[in-house]
Each structure stands twice: as structure tokens, then as C-alpha cells.
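J.: Sequence:
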Amino acid sequence: MKRILLFLALAAVVACAQDDTRTLKSVPEGPTPDTFRVAFETTRGRFVVEAYRQWSPLGVKRFYELVSMGAFDENAFYRVVPNFVAQFGTPGDPRVTAQLDSVTIPNEKRIAKNERGSVAFAQEESKPRSHTIFINRRDNEYLDEQGFVPIGRVIEGMAVVDSLQWPYIEKADHHMLSTIGNRYMRRNYPKADYVSSATILR
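To convert, count from 1 in the sequence shown and add 783; that's this note's numbering.
These are computed hints drawn from the structure, not numbers from a lab. The C-beta atom is built at its ideal place from N, Cα and C for all residues, glycine as well. Heads up, some of the hints might be wrong.
[Said to hold, decoys possible] Label-pair distances were calculated between CB atoms; the ranges are:
1) R878 to S979: 16 to 26 angstroms
2) D927 to P889: 24 to 34 angstroms
3) P889 to I952: 29 to 39 angstroms
4) S885 to P814: 21 to 31 angstroms
5) V886 to G930: 15 to 25 angstroms
6) P865 to V886: 25 to 35 angstroms
7) E939 to I894: 36 to 46 angstroms
8) I952 to S980: 26 to 36 angstroms
[Unchecked claim] Dumping the calculated DMTMM-like pairs for lysine to aspartate or glutamate here, alpha-carbon to alpha-carbon at most 20 angstroms:
9) K974 to E953
10) K910 to D927
11) K910 to D884
12) K974 to D956
13) K896 to E953
14) K844 to D856
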């Protein structure tokens, strides 16, 4: 009986690991478009982001690459703060996260403001921009002074962004998400919202 239970437990772990396994797609060749739109399908509905290379040439180039690779697919909204931001961009597969962590984006001069609906890469003093992004759910002027550089804005479905929720008292541990993946999120925060897919609109 114990052997059967152990086998079932191991099978469940393997199944979860397989669910989190992802392979990044290749990045299309050629220059980054000056402007392009990305449709995000989420557990709350769809919103569309329009990116502007003029705002952040390096940031928008990386954003275009990440969407093209499928890096935002099955991403949890691991930081959702009412009247502040909604943040995502850490893949459910920790091996993919480690791969993305190896590429960083140099600093750029901010052109646009962190107004409601604008989208920017998250960053810390010790960790430059890489692959996590956030959407401003209000005008966050003080983020301008801290060097957060918007790369685009939500042009459709801001009500969907507003509807994203985090029905938990404690915050998600981003280190745990990065090293364990979506198994950590599903086990500890089963009601979290997700990006199902992100697609460049042609």
C-alpha cells in the first residue's frame, strides 16, 4: 500500500513538472517595428498593449523579443496592488526564468511618464531590467523620478487590468516563483490571475 501511495505521489509531482515545462520560440529576424500591438489573454479577459520604440528603443526591442518567444505565456500576476500596479513576466518554468535572467537591458533616458495604463519593465538597484513588467493602475509620478521607463501603454481592456486581483494577505515570494515556477503559485495562491498568452497583432 505504501509503495502505491509513493508511486501516486511521484506521478503527481512529475505531472506538475511537465505542466510547467516550456520551450522558448525563436525570435523573428529583422528590425523591431517602431510601433506594434500585443494582445494579452488573461484569466480576467483580454487587454491590448501598444509599444513605442521611440519611448525606449532597448526596452521595446526586448519586449518584442519576449512576446515573440512566448515568454509571457502562462505567467502569473504575482504582484497585484490595488490602485498601484499589476506585475508579471516570470515564466512558470524556472529553467526558462534562469535563461531570461541572463539577458539584461541597459538603462535608458525616460521619455514617457508612468501614467495610468503605461507599461514598464520592473527593476531594482541590484537587478537591472530583464523580463518582468508592470502596468500602472494609476498615475505613479514618483516612479518617474526612480527611473522606471515606460515602453508602451494599454490601449484596450484597462477594465480587465483593473479587475486583476490578489485575494491574499501575504505577498508572493518572487524568489520562490523564480526557482520553483508555477507549481509554487498553484500550490500557495490558487486564486491568482494569469496571462494565458501574449500575441503580436499583425
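J.: Each hint should be assessed against the structure and marked as holding or not.
T.: Here is what the structure says about each hint:
Hint check: R878 to S979, Cβ distance near 21 angstroms, so the stated range 16 to 26 angstroms holds. Checked against the hint of 24 to 34 angstroms, the pair D927 and P889 fails, with Cβ atoms roughly 19 angstroms apart. Checked against the hint of 29 to 39 angstroms, the C-beta distance between P889 and I952 comes to roughly 37 angstroms, which is consistent with it. With their beta carbons about 23 angstroms apart, S885 and P814 fall inside the hinted range of 21 to 31 angstroms.
A hinted range of 15 to 25 angstroms for the beta carbons of V886 and G930 is consistent with their spacing of about 19 angstroms. In this structure the supplied range 25 to 35 angstroms holds for P865 paired with V886, their Cβ-Cβ distance being about 32 angstroms. Separated by about 22 angstroms at the C-beta atoms, E939 and I894 break the suggested range of 36 to 46 angstroms. For I952 and S980, the Cβ-Cβ distance of about 30 angstroms falls inside the hinted range of 26 to 36 angstroms, so the restraint holds.
At roughly 13 angstroms between alpha-carbon atoms, K974 and E953 fall within 20 angstroms of each other, so this suggested pair holds. Annotation: proposed proximity of K910 to D927 holds, straight-line Cα distance about 18 angstroms (limit 20 angstroms). Restraint check: the Cα-Cα separation between K910 and D884 comes to about 10 angstroms, which is no more than 20 angstroms; the hinted pair holds. Distance restraint check for K974 and D956: the Cα-Cα separation of roughly 16 angstroms lies within the 20 angstroms cut-off, and the hinted pair is therefore satisfied.
About 30 angstroms separates the Cα atoms of K896 and E953, which puts this hinted pair outside 20 angstroms; it is violated. About 18 angstroms separates the Cα atoms of K844 and D856, which keeps this hinted pair within 20 angstroms; it holds.
Checked against the numbered hints listed earlier, the structure breaks hints 2, 7 and 13; every other hint is satisfied.
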